[in-house]
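2 protein chains.
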Amino acid sequence: MVQYSTGLDTTFAALSERTRRGVLERLGRGDASISDLAARYRMTLTGMKKHVRILEDAGLVTTRKVGRVRRCRLGPRRLEDETAWIAQYRRMLEARLDRLGEFLARTKEG
Amino acid sequence: MVQYSTGLDTTFAALSERTRRGVLERLGRGDASISDLAARYRMTLTGMKKHVRILEDAGLVTTRKVGRVRRCRLGPRRLEDETAWIAQYRRMLEARLDRLGEFLARTKEG
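Sequences listed follow chains A and B, in order. Residues in the first sequence are numbered from 0 upward in steps of one, following numbering that gives the first Met the number 0. Residues in the second sequence are numbered from 0 upward in steps of one, following numbering that gives the first Met the number 0.
Heads up, a few of these hints could be off.
[As the list claims (entries may be wrong)] Here are some, though not all, of the chain A residues that point toward chain B, as calculated from beta-carbon distances under 10 Å:
1. Thr9
2. Glu16
3. Gly74
4. Leu78
5. Ala86
6. Leu92
7. Ala94
8. Gly100
Because the hints were derived from the structure by calculation, they are not lab data. Cβ atoms here follow ideal geometry from the backbone N, Cα and C, with glycine treated the same way.
In isolation and in its complexed conformation, chain A is listed as follows (with noise of 0.2 Å):
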């Protein structure tokens, strides 16, 4: 298979967390600035920030200061990568089971 390890590792390591996947989905309705983030998380800025930093690092996330506010907004990246690693995974653990199946068929027939 295809490795694009660095990027696989990050954005997985990211997708891990409950709340960075809330934020995702958070801004998937909108851009939102990090206090915006920390509200609604129940969470200091502090914690947010780790939170959105590990999600900017991993591509998922941009953010650009407006005054004082740092806004926060979805992409660049779109998950392709990692789309299509658990594609793959899943085709070949389907044929992995398909032979097992067959294996067992055999040897009972046998």
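Following the hints, complete the assembly by docking chain B onto the known chain A.
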């Protein structure tokens, strides 16, 4: 979006490491012992056991003792929830980008 949070936390964390994704790909071609996997990744048995344990806790690998050897096999989880989450996220992102595009087009016209 539906939250399968604990499951998704555990699986995405399990997938966020290159060696563990490699182990899953290797097991897609057939079962293997922990020492086979350790040799393949030039890793100590202890190091590989930790990776396998994380994959096992995420439901991505099952292990069984055959004599003195611990054999690893894929399953039972098929990454269905992970696929669903990412697909839903991508649809949301596309919709968001479409709305931004329309907004920019209107701004340009206006």
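Hints, verified against the model:
Annotation: A:Thr9 was flagged as interfacial toward chain B, and the flag holds, the nearest CB pair being 8 Å apart, inside 10 Å. Hint status for A:Glu16 relative to chain B: holds, with the closest Cβ pair at about 6 Å, below 10 Å. At a threshold of 10 Å, the smallest CB-CB gap from A:Gly74 to chain B is about 7 Å, leaving the interface hint in force. Because the beta carbon of A:Leu78 sits about 5 Å from the nearest beta carbon in chain B, less than 10 Å, this interface hint is met.
Interface hint status for A:Ala86: upheld, as the beta-carbon distance to the closest one in chain B is roughly 7 Å, under 10 Å. For A:Leu92, the interface hint holds, the least distance from its beta-carbon to any beta-carbon of chain B being 6 Å, beneath 10 Å. A distance limit of 10 Å between C-beta atoms decides the matter here; for A:Ala94 the minimum to chain B is near 8 Å, and the interface restraint holds. A distance limit of 10 Å between C-beta atoms decides the matter here; for A:Gly100 the minimum to chain B is near 12 Å, and the interface restraint is violated.
Hint compliance for this structure: hint 8 alone is broken.
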